[in-house]
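Those protein sequence lines, which keep their order, are chains G, E and P.
When you number the first sequence by this note's numbering, it's gap-free, plus one each residue, and the end is 195.
When you number the second sequence by this note's numbering, it's gap-free, plus one each residue, and the end is 1194.
When you number the third sequence by this note's numbering, it's gap-free, plus one each residue, and the end is 2760.
Simulated from the structure, these hints should not be mistaken for laboratory data.
The beta carbon of each residue, even a glycine, is placed where N, CA and C say it ideally should be.
Just to be clear, a hint being listed does not mean it is correct.
Keeping only pairs whose Cα atoms sit at most 27 Å apart, straight-line, the calculated DSS-like set for lysine-lysine is [to be verified]:
1) Lys2249/P with Lys68/G
2) Lys2249/P with Lys2277/P
3) Lys68/G with Lys2699/P
4) Lys2128/P with Lys2454/P
5) Lys1089/E with Lys2699/P
6) Lys2123/P with Lys2450/P
7) Lys1120/E with Lys2699/P
8) Lys1120/E with Lys2030/P
9) Lys107/G with Lys2699/P
10) Lys1120/E with Lys2057/P
11) Lys1088/E with Lys2030/P
12) Lys2123/P with Lys2454/P
13) Lys2737/P with Lys2450/P
14) Lys1089/E with Lys2227/P
15) Lys2586/P with Lys2277/P
16) Lys2740/P with Lys2699/P
17) Lys2699/P with Lys2450/P
Selected chain G positions facing chain P (Cβ under 8 Å, derived; list incomplete) [to be verified]:
18) Val56
19) Pro59
20) Val63
21) Asp65
22) Asn80
23) Glu188
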Amino acid sequence: MTRDAATRPVEPADVVEQALQLVAATYRSPDAALRADLDSGAFATAVAELAAATGVAAPVFQVTDWPKLQTTYVTLFVTNAAGVPAPPYVGLALDGELLGPSAEALKRFLAHHGVETAAGWHDLADHVAAVAEAGVLLAEAGRDDAACVLLERFLSPWFQRYAPEVVAADDSGFYGPLTEFLGSLLSEVSCETAA
Amino acid sequence: MTRLAMAIDLASCVGCAACSIACKMENEVPLGVNRLWIRNTTVGTFPNLTVEHRPEQCLHCENPPCVPVCPTGCCFVRDDGIVDIDVKKCIGCSACIAACPYDARHMLPQGYVSKCDFCKHRVDEGRMPACVETCPTLCRTFGDLDDPNSPVSIAIREARRVDVLRPGLGTEPNLYYLNTPAAFGLVGETGGTL
Amino acid sequence: MALGGSAQAQLFPDGFPNPFRAPPGKWFTKDDVTTSYNYCEICFWKCGIQASVQGGKVRKVDGYESNPKSRGMLCPRGQGGVATTYDPDRLKKPLIRVEGSERGSGQYREASWDEAYDYIAEKMNQIKFEHGSESVAFFGHGTGDAWFASYLPGAWGSPNAAKPSVSLCTGPRETASQYTFGRGISGHEQIDWDETDYIVLIGHHIGEDTHNTQLQDFALALKRGAKLVVVDPRFSVAASKANDWLPIKPATDTALLLAWANVLVEEGLYDAEYVDKYTVGFEQLAAHVAQYTPEWAAEITEIPADTIRRIAREMAAHAPRAVLPVNRHTVWYGPDDMHRMRSLYIVNVLLGNYGMPGGYYFCDAPVVEAYPHPALPLSPASGGCGGGSTDVVTDSPFRPAADRGKFFGTATAVQELIEPMLTGEPYPIKGLFSYGVNLFHSIPMVERTKQALKELDLYVAIDILPMEHVMWADVILPESTYLERYDDLLLQAYKTPFISARFPAHPPLYDTRGAFDMAKQLGERLGLGEYFPWENVEEYLDRRLSSIGSSLEALKDQGTIVRRGRPYFADWERLNRNPIGTPSGKIEIYSERFAEAGLDPLPVFVPPIEGPSGMYRLLYGRSPVHTFARTHNNPILMEAHGENGVWISTSEAAGLGIRHNEYVYLENQDGVREGPVRAYVTERIRNDCVYLVHGFGHKTPLMRIANGRGASDNYLQTRYDLDPVSGGAGLRNNWVKLVKGAPDPQHPPVAWLAREGSRA
Ligand code: SF4
Ligand code: SF4
Ligand code: SF4
Chain G
1 MTRDAATRPV
11 EPADVVEQAL
21 QLVAATYRSP
31 DAALRADLDS
41 GAFATAVAEL
51 AAATGVAAPV
61 FQVTDWPKLQ
71 TTYVTLFVTN
81 AAGVPAPPYV
91 GLALDGELLG
101 PSAEALKRFL
111 AHHGVETAAG
121 WHDLADHVAA
131 VAEAGVLLAE
141 AGRDDAACVL
151 LERFLSPWFQ
161 RYAPEVVAAD
171 DSGFYGPLTE
181 FLGSLLSEVS
191 CETAA
Chain E
1001 MTRLAMAIDL
1011 ASCVGCAACS
1021 IACKMENEVP
1031 LGVNRLWIRN
1041 TTVGTFPNLT
1051 VEHRPEQCLH
1061 CENPPCVPVC
1071 PTGCCFVRDD
1081 GIVDIDVKKC
1091 IGCSACIAAC
1101 PYDARHMLPQ
1111 GYVSKCDFCK
1121 HRVDEGRMPA
1131 CVETCPTLCR
1141 TFGDLDDPNS
1151 PVSIAIREAR
1161 RVDVLRPGLG
1171 TEPNLYYLNT
1181 PAAFGLVGET
1191 GGTL
Chain P
2001 MALGGSAQAQ
2011 LFPDGFPNPF
2021 RAPPGKWFTK
2031 DDVTTSYNYC
2041 EICFWKCGIQ
2051 ASVQGGKVRK
2061 VDGYESNPKS
2071 RGMLCPRGQG
2081 GVATTYDPDR
2091 LKKPLIRVEG
2101 SERGSGQYRE
2111 ASWDEAYDYI
2121 AEKMNQIKFE
2131 HGSESVAFFG
2141 HGTGDAWFAS
2151 YLPGAWGSPN
2161 AAKPSVSLCT
2171 GPRETASQYT
2181 FGRGISGHEQ
2191 IDWDETDYIV
2201 LIGHHIGEDT
2211 HNTQLQDFAL
2221 ALKRGAKLVV
2231 VDPRFSVAAS
2241 KANDWLPIKP
2251 ATDTALLLAW
2261 ANVLVEEGLY
2271 DAEYVDKYTV
2281 GFEQLAAHVA
2291 QYTPEWAAEI
2301 TEIPADTIRR
2311 IAREMAAHAP
2321 RAVLPVNRHT
2331 VWYGPDDMHR
2341 MRSLYIVNVL
2351 LGNYGMPGGY
2361 YFCDAPVVEA
2371 YPHPALPLSP
2381 ASGGCGGGST
2391 DVVTDSPFRP
2401 AADRGKFFGT
2411 ATAVQELIEP
2421 MLTGEPYPIK
2431 GLFSYGVNLF
2441 HSIPMVERTK
2451 QALKELDLYV
2461 AIDILPMEHV
2471 MWADVILPES
2481 TYLERYDDLL
2491 LQAYKTPFIS
2501 ARFPAHPPLY
2511 DTRGAFDMAK
2521 QLGERLGLGE
2531 YFPWENVEEY
2541 LDRRLSSIGS
2551 SLEALKDQGT
2561 IVRRGRPYFA
2571 DWERLNRNPI
2581 GTPSGKIEIY
2591 SERFAEAGLD
2601 PLPVFVPPIE
2611 GPSGMYRLLY
2621 GRSPVHTFAR
2631 THNNPILMEA
2641 HGENGVWIST
2651 SEAAGLGIRH
2661 NEYVYLENQD
2671 GVREGPVRAY
2681 VTERIRNDCV
2691 YLVHGFGHKT
2701 PLMRIANGRG
2711 ASDNYLQTRY
2721 DLDPVSGGAG
2731 LRNNWVKLVK
2741 GAPDPQHPPV
2751 AWLAREGSRA
């Protein structure tokens, strides 16, 4: 999240970037930055503005219990005794396996556009949050077309596959509504890039 | 001429499936299908028992029924005897799958047919097929039948007994089973000696 | 993420028209294939491998010729084990159990490594303050157990470090070997397969147990024409290769061995010259075994006396190139186990084969100096399958291990450390590390273990996968797999001792670490930094290798360094040295040390513990494609063997009205139920026992593929009988009945589960 998102209205051209930013913020491990955005209301403002800009119904969410949010994140996306309902890897949604052909294609695509995984990122490069963040970087660099490819071809399939799982399994009141909202949002946003 | 062939000494094979799994990894064979599988059978009654561990795969028939049925010509026999598939030409019609009497062929999710190709990419580099290389009982031999000093020629020459699967079909397999544990030959087969 | 230069690039890379599919072609056709040396960790045989990486993923592993363990070949597990690294169910980040949640309820939050280490160190110090450092126990299994079941507990000051590979596996054979030969059996059972002409396997499952080199040697020996006798209540794969199969009554093997000793002695078939030169106590043995006639043994074992005589004579005719190989898992029936192993060694000694071509060879680990460090305050007697079970804790300022006094041997018995967690006797154990030990699939009395875990103040699990017991821990430390990490050097005792190294094939995929790093980081937080003076693992390895004039860089290109061995007595005698480490300097057929301790100085037969009528003795063994309970979420291996079946004889099944492949429940003498599990109705087993392959029957939905497939032998082991000498837990004194009416669980195909269909 950037502070900007909270203070200026979303213009249509920014929708892609803002949506990607929200995806990145939502699916990163819940950290101090997310907490600050939630506490300050910046997160809620960004969500509301995106909803207004796209016509997608705004989600009703509330975070009162921060530790609960952290536990739910682990339960939904990391490790769960009953089975992780929504592994956060776009390649898994596309190929049914980790580091499969789609993950490899993504890697080549990002490399082609000069996006690298940061040294401190100890997870796969096709983690939903990482793909979204890469999209933000590309959009900021003026490569909306490339950001759109990430959004349409890599992120959207993950939402199609896993949004229902998140909604069904969420008990935090945060990930379920947000995932439902972002899933609809991504299917609304039209990039019109050549495939 | 080169006539590539493989022999499996059933007196040594323990049915461990290292060959099958090595094949799966080497050739990226997807889950759910196999180029190479193991059939384990028990005959007799306690305590007079025989167990046969029998790996099965494409036999690279000298006279392969799978090849002539192919409408696109993608199924062909290489000069060295490997029965091969040119996947670029394969239209996935499945005629060859039906024609193979040994169930050696399968359809891949990508829409083309696949099967054991004796690891031709390794053979072309002078290496052994993955199954032969890994087998921890060293019961698999591979090489040129026209070369009397190839490992496979030697193994066949020295074997107490040599069988092929369903010899009555006239397919003339190039996969030989040596030293069957049962005195009568391959379990479930009529037997037959080279 | 970081954005590099090429902002002006066209949308898709050149020659890459479809960005949504990787370029076609199999891995070996691509130009980015690289290889690195490693040693396999799918079982702990540790074969040398070369891993081929393409596209950031290991695509294939192969053996390599210069490594004496693989010699270019690999077993099925080694081939397919690679898939575990890419298992989406892996542990990925350090996790801390949510405060106030119950153990086993699985409520976790992510933590940084620093936070996790601090959390553990604080709790350990608290336990030390309240109960003493001995109150933290350390269980370990795998390469990293050197750190977590030996070094760290030694630095910290807890003798309660244990490995299941001792008292739940090799304990009896190691104790027997120490007291007979004054040496252990090596982790690579040192049978001189190349030279032997006659092999007698007793309950040894070569072929189903696919220890790579052993299987190679076994197959080559048979090919050379060696004769094979297999003693087993079950027609094992090895039995299917045998000239003679002796379907022995379970739990009577010692009687058979003593009768063989009787024949060899009575008929004067033993190697008198060898016995005279290398042993003590033959006279006592001769007098002792006079009572154990083949007729006596025939009654007990249900093997005809004539057969017993004939085999003994055949062995003698081939001696000294006749061998009864020691097997690995030797905790069978409890009180009898150490005696059975001593009887086995004594028959070998009568054949004159120990230290002789065609028998047992001598092997020692190659010498590479330790990285210099201050002496540890304590040397825990955790032993291991490589021997060392008589490590003695001397002059220790610490209390003795909590299992002391329960049995004679000194290697710590893992199952005896559970009780102190519950009772606080002889003193409480309040903390536990489990490094790679599957607490619910290796230690008998699973319910007791679960109760004990609830009593702890700290429970740390280090693992690769979210095994059921892992999801009970307070802190979960995810380990990198063998393909992602460095490890200590492998110093292998072998006919040609050798050194090999592990190089990561690629960086860790997730936020995981190797045991080496975890031990050092934790040690430093515990104020034990002086014991971890190395900078990092590369520097540590390089320094150690420099002591033999090599380097990490050199080993990177070489993989393995092979040394010359001294396999036979003749090799030692040339140097005027004696390989036998007993007090008498001779092979002790009669053990003075046992006599002094009030134990039987010569092996005796202890009649089997009998079970309730109408129940079958539960035997268990191995699958060629699985290791322990570790590989059952690996799709490749599970596709090859996806569920176990309970072997029952055709005639018993007919009596019970059970059909082949029908699902049944197994219910043990204490009413514990497992299953549904398929009945494998076969001629290949006796009527008085049933058999299960170990490692199946996982009960954690997180492991999608493993969950609920087959039955667990360990959950049915609700009792065990302690071997009073070695401390081994005899696990085969559990009995089950088959209960009809189990539903077909309709397991989905592994291929479907692996392709994440099951997540829906
Ligand atoms: S690897 Fe060898 S022993 Fe194992 S099943 Fe294959 S052919 Fe038989
Ligand atoms: S085994 Fe089947 S696929 Fe192989 S050559 Fe013969 S007919 Fe063709
Ligand atoms: S025996 Fe198999 S699993 Fe064990 S180390 Fe060797 S290759 Fe790996």
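Status of the hints after comparison with the structure:
no., hint, in the structure
1, Lys2249/P with Lys68/G, "violated, 58 Å"
2, Lys2249/P with Lys2277/P, "violated, 36 Å"
3, Lys68/G with Lys2699/P, "holds, 26 Å"
4, Lys2128/P with Lys2454/P, "holds, 19 Å"
5, Lys1089/E with Lys2699/P, "violated, 47 Å"
6, Lys2123/P with Lys2450/P, "holds, 20 Å"
7, Lys1120/E with Lys2699/P, "violated, 43 Å"
8, Lys1120/E with Lys2030/P, "holds, 16 Å"
9, Lys107/G with Lys2699/P, "violated, 36 Å"
10, Lys1120/E with Lys2057/P, "holds, 23 Å"
11, Lys1088/E with Lys2030/P, "holds, 18 Å"
12, Lys2123/P with Lys2454/P, "holds, 16 Å"
13, Lys2737/P with Lys2450/P, "holds, 25 Å"
14, Lys1089/E with Lys2227/P, "violated, 53 Å"
15, Lys2586/P with Lys2277/P, "holds, 8 Å"
16, Lys2740/P with Lys2699/P, "holds, 22 Å"
17, Lys2699/P with Lys2450/P, "holds, 14 Å"
18, Val56, "violated, 25 Å"
19, Pro59, "violated, 23 Å"
20, Val63, "violated, 15 Å"
21, Asp65, "violated, 11 Å"
22, Asn80, "holds, 6 Å"
23, Glu188, "violated, 21 Å"
Taken one by one, the earlier hints fail for this structure at numbers 1, 2, 5, 7, 9, 14, 18, 19, 20, 21 and 23, listed in ascending order.
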